[in-house]
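Colleague: Those protein sequence lines, which keep their order, are chains A and B.
So for the first sequence, our numbering puts the first residue at 18; every next one is plus one.
So for the second sequence, our numbering puts the first residue at 160; every next one is plus one.
If you are wondering where the hints come from, they were derived from the structure by calculation, not from laboratory data.
Keep in mind that the hints are not guaranteed to be accurate.
Now the in silico label distances, taken between C-beta atoms and shown as ranges [claimed, not checked]:
no. : chain 1 : residue 1 : chain 2 : residue 2 : range
1   : B       : ASP323    : A       : ALA212    : 51 to 61 Å
2   : A       : SER251    : B       : ARG405    : 51 to 61 Å
3   : B       : PRO303    : A       : PHE211    : 48 to 58 Å
4   : B       : PRO303    : A       : ALA277    : 24 to 34 Å
5   : A       : ARG150    : B       : VAL229    : 51 to 61 Å
These numbers come from a predicted model, not from an experiment.
Glycine included, each C-beta is placed from N, C-alpha and C at the ideal position.
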Amino acid sequence: MPAHPSPPVFAGFGLGLRREHYRDFLDTRVPVDFVEVISENFMVAGGQPLDILRRVRERHPVALHGVSMSLGSADGLRRDYLARLRALVDAVDPLYVSDHLSWSRIGRFNSHDLLPLPYTEDALDVVCANVHRAQEALGRAMLIENPSSYLAFADAPLTEWEFLASICERTGCGLLLDLNNVYVSAANHGFGPFAWIDGIPAQRVRQIHLAGHSQGGSLLIDTHDQPVSDGVWSLYAHALTRCGPVATMIERDDAIPPLAGLLAELDVARRLGAASAMREAA
Amino acid sequence: MNLHAMQRDFRRWLTSSEAAPARRLTGGDRRGLAVYQNNYRAQLVGCLEATYPHLRTFIGAAAFHHAAAVHIGRLPPRAWTLDAYGAGFGATLGAIWPANPDLQELAWIEWALASAFVARDAGPLDPARLAAVDWERARLDFAPSLHEALLTTNAADIWTALQDGGPAPAAAMLAAPAGVVVWRRGHVARLRVLDLLDHEALALARAERSFAAPCALLVARLGADAGVARAGALLADWIASELLTRVSATRRP
């Protein structure tokens with residue numbers, strides 16, 4: 018029985034807050050409904066990052082998005098990491114707290130990359146135990162994001178969407194749907210991205226990431242340094258019909274363009290959202 | 160293969176590129192594994208480049224990437240935060256180029272600046288509240304962001320020139336060691352070179368958490384009048400520059 022209430026539904030449009038746009042967010046009224054920050058960038062003792070986050074939080078709801086929890090570690094989670102994240106959660110009162118369906122750490126080694134999991138019952142038990150522990154430490158239900166993947170494990174019996182559905186069922190967590198990651202993984206592993214979206218428990222989706230990717234040799238690479246591709250926009254239109262209006266944002270991690278460019282992409286998402294709502298109402 | 164065994168194999172692949180774990184993970188097709196290994200190394204190199212921008216400029220991209228590759232080989236990342244990976248890069252530089260202490264010292268400066276930038280906050284002292292302090296018995300607390308060291312080379316001049324956007328001077332040994340401090344004032348991390356005696360007094364005040372200790376040192380070195388005057392000037396500077404952040408209220412009876 019999940020111990021924490023399901024994360025709330027928030028139907029707004031936002032951006033990932035990046036250093037290049039700090040001044041825009043501090044000096045002007047940026048037309049977004051929320052911002053998302055990388056949690057680890059603000060899990061520091063003091064200084065300018067925390068001051069900026071405090072000032073941005075006065076203007077916008079903030080989602081905390083982590084990259085280092087390592088929910089798939091067979092070794093479990095780090096207590097010091099959870100304590101620092103809890104302190105940030107208490108300071109920010111975030112809209113959502115999320116991290117990835119991946120692992121980074123084994124023993125004392127921490128790769129700082131989102132490494133793939135085999136979708137087995139063994140891994141499912143580990144991930145669910147770690148999500149439970151994280152949610153207990155944070156005092157709230159999390160969102161779990163699907164990562165991009167470049168490696169499939171031949172003997173894994175579950176699909177990614179079955180694996181995610183089981184985690185939601187067993188832990189009460191919600192989902193952060195990264196549609197670019199769906200697109201990249203589908204191309205790399207040869208499954209249908211629309212079937213992937215149809216397979217997840219749509220009622221658990223609370224947030225959507227939209228991003229771009231690059232072609233790297235024979236594989237697509239999740240670079241998050243390009244505009245959202247046409248294929249990802251198509252997936253978004255489909256996801257809206259399944260998930261309804263949920264918090265949607267452009268996630269750019271590299272080659273950060275001027276803010277106006279990201280806001281223009283966000284307007285495309287708003288238009289698709291409005292069109293979907295009109296169809297739903299008709 | 161269970162999850163723990165798989166993750167151990169993945170670690171071995173990332174850190175050593177050994178064929179055996181790669182075979183167990185994929186059965187032969189290494190394209191995906193190669194992406195993960197590239198991401199792993201690129202992430203760490205990117206972290207070092209972000210932490211040591213002036214060092215990279217000073218030694219050039221090729222030498223920097225060589226040093227980064229050596230560092231990644233000798234020191235796999237362990238901390239939960241990627242930002243910590245820059246710790247110890249100076250030691251790697253020392254191992255590669257033992258005859259170039261300027262590189263280690265330049266790395267020390269950049270690491271100290273990066274650490275100071277996110278150190279714990281501490282408000283500045285209110286000088287008006289210091290009038291009644293018994294300085295003989297007062298306990299001093301310096302900024303949590305404060306780092307201090309002795310330099311043997313002109314690394315601070317190199318850093319300053321590059322920070323100002325100019326060409327860096329050639330590396331050189333100093334005629335005598337100089338003190339250097341890094342700390343954060345407001346939101347800005349700062350670097351300052353100190354006279355050797357001033358550095359010694361600051362280091363002593365910080366270690367002993369007292370003003371009496373550096374006073375005694377300065378009087379012993381300079382004589383009573385000049386020593387007391389120098390101590391007073393240093394105290395005023397520590398307060399004005401926000402190096403000193405707390406004086407425990409030990410009032411005169």
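Colleague: Which numbered conditions among the earlier hints are violated in the structure presented, ordered from lowest to highest?
Modeller: Of the numbered hints, 4, 5 do not hold.
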